Amino acid sequence: DSGVTQTPKHLITATGQRVTLRCSPRSGDLSVYWYQQSLDQGLQFLIQYYNGEERAKGNILERFSAQQFPDLHSELNLSSLELGDSALYFCASSVGIRVSTDTQYFGPGTRLTVL
Amino acid sequence: KNQVEQSPQSLIILEGKNCTLQCNYTVSPFSNLRWYKQDTGRGPVSLTIMTFSENTKSNGRYTATLDADTKQSSLHITASQLSDSASYICVVSLKTSYDKVIFGPGTSLSVIP
Numbered sequence: 001d002s003g004v005t006q007t008p009k010h011l012i013t014a015t016g017q018r019v020t021l022r023c024s025p026r027s028g029d030l031s032v033y034w035y036q037q038s039l040d041q042g043l044q045f046l047i048q049y050y051n052g053e054e055r056a057k058g059n060i061l062e063r064f065s066a067q068q069f070p071d072l073h074s075e076l077n078l079s080s081l082e083l084g085d086s087a088l089y090f091c092a093s094s095v096g097i098r099v100s101t102d103t104q105y106f107g108p109g110t111r112l113t114v115l
Numbered sequence: 116k117n118q119v120e121q122s123p124q125s126l127i128i129l130e131g132k133n134c135t136l137q138c139n140y141t142v143s144p145f146s147n148l149r150w151y152k153q154d155t156g157r158g159p160v161s162l163t164i165m166t167f168s169e170n171t172k173s174n175g176r177y178t179a180t181l182d183a184d185t186k187q188s189s190l191h192i193t194a195s196q197l198s199d200s201a202s203y204i205c206v207v208s209l210k211t212s213y214d215k216v217i218f219g220p221g222t223s224l225s226v227i228p
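If you read the protein sequences in the order shown, they are chains V and W.
Heads up: the first sequence is residues 1 to 115, going by the numbering used here.
Heads up: the second sequence is residues 116 to 228, going by the numbering used here.
Hints were generated in silico from the structure; no laboratory data involved.
Hints may contain errors.
Partial pick of chain W residues on the chain V-facing surface, computed with a CB cut under 8 Å [said to hold, decoys possible]:
hint, residue
1, Ser146
2, Asn147
3, Gly158
4, Ser161
5, Ser208
6, Leu209
7, Asp214
8, Lys215
9, Val216
10, Phe218
11, Pro220
Distance condition first, Cα-Cα at most 30 Å in a straight line; then the derived DSSO-like pairs of lysine-lysine [said to hold, decoys possible]:
hint, chain 1, residue 1, chain 2, residue 2
12, W, Lys116, V, Lys57
13, V, Lys57, V, Lys9
14, V, Lys9, W, Lys215
15, W, Lys215, V, Lys57
16, V, Lys57, W, Lys186
17, W, Lys210, V, Lys57
No experiment lies behind these values; they were computed from the predicted model shown.
Glycine included, each C-beta is placed from N, C-alpha and C at the ideal position.
The following block holds chain V by itself, in its conformation from the complex (with noise of 0.2 Å):
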């Protein structure tokens, strides 16, 4: 167990809709990643905040966006949904701010399936 908690664990959809998915970094960590990962693809950074900062972006959608909020924990808002957009999301934690030399805690991921 990471200590990072992700929720809902499954999620199904239909295209068109919005979904949000939440995660909870472990006790003391300040940034926060999102993923994705596709079916047999690598995972995909998406973005990080750091203490409520948005910190850097990665190959994330206009459709997405998220949120760090004042205790710590995450938001990933998925809309317009698109069958392609199907995918597991992981979130991530880690203490400091450099995703170059922390180490990151990932947790369970989210299965997001757009029918």
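Following the hints, complete the assembly by docking chain W onto the known chain V.
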């Protein structure tokens, strides 16, 4: 172009045997290299991290090597167990003023009895 490649794409070995997974990168400037283990449907877990000056790092039955000159790394698994069945991901970080990490596509390892 900064890239991380892994081989083989997939591998099947018998329980108890050893195996070696490869990672080649064209990332520059290089900061460090990590190997992650990802069980099916679960989040990745860090196995090792190596900087430019380190050429070997062990974590139990897992031994990672790094050749910064040839830009190659390998992950050697000794006396494989059924629980080693997973995807192994090589991740390389850049040494720049901005943070960037590049994920490899992973090698899927199946250990069979």
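Verification of the supplied hints:
1. Below 8 Å, beta-carbon pairs count as interface contacts, and serine 146 of chain W has one with chain V at about 5 Å; its hint therefore holds.
2. Annotation: asparagine 147 of chain W was flagged as interfacial toward chain V, and the flag holds, the nearest CB pair being 7 Å apart, inside 8 Å.
3. Because the closest C-beta pair between glycine 158 of chain W and chain V is about 3 Å apart, less than 8 Å, the hint holds.
4. A least Cβ separation of about 5 Å between serine 161 of chain W and chain V falls short of the 8 Å threshold, and the interface hint therefore holds.
5. Evaluation of the serine 208 of chain W hint against chain V yields a held restraint, the C-beta minimum of about 4 Å falling below 8 Å.
6. Hint on leucine 209 of chain W holds. Least Cβ distance to chain V is approximately 7 Å, under the 8 Å limit.
7. At about 5 Å, the closest approach between the beta carbon of aspartate 214 of chain W and any beta carbon in chain V falls short of 8 Å, and the interface hint on this residue holds.
8. Taking 8 Å as the C-beta cut-off, the interface hint given for lysine 215 of chain W holds, the closest approach to chain V being about 7 Å.
9. The interface hint given for valine 216 of chain W is met, as the beta carbon of that residue sits about 5 Å from the closest beta carbon of chain V, less than 8 Å.
10. A least Cβ separation of about 5 Å between phenylalanine 218 of chain W and chain V falls short of the 8 Å threshold, and the interface hint therefore holds.
11. With a cut of 8 Å, the hint placing proline 220 of chain W at the interface with chain V holds, because the nearest CB-to-CB distance is about 5 Å.
12. With a CA separation close to 19 Å, the supplied pair lysine 116 of chain W and lysine 57 of chain V stays within the 30 Å bound.
13. Of the supplied pair hints, the one linking lysine 57 of chain V and lysine 9 of chain V holds, its CA atoms being roughly 24 Å apart against a limit of 30 Å.
14. Straight-line distance between C-alpha atoms of lysine 9 of chain V and lysine 215 of chain W comes to about 28 Å, which keeps the hinted pair within the 30 Å bound.
15. Straight-line distance between C-alpha atoms of lysine 215 of chain W and lysine 57 of chain V comes to about 10 Å, which keeps the hinted pair within the 30 Å bound.
16. For the suggested pair lysine 57 of chain V and lysine 186 of chain W, the alpha carbons sit about 27 Å apart, so the restraint of at most 30 Å is met.
17. At most 30 Å may separate the alpha-carbon atoms for a hinted pair to count; lysine 210 of chain W and lysine 57 of chain V meet this at roughly 17 Å.
Every hint from the earlier list agrees with this structure, and none is contradicted.
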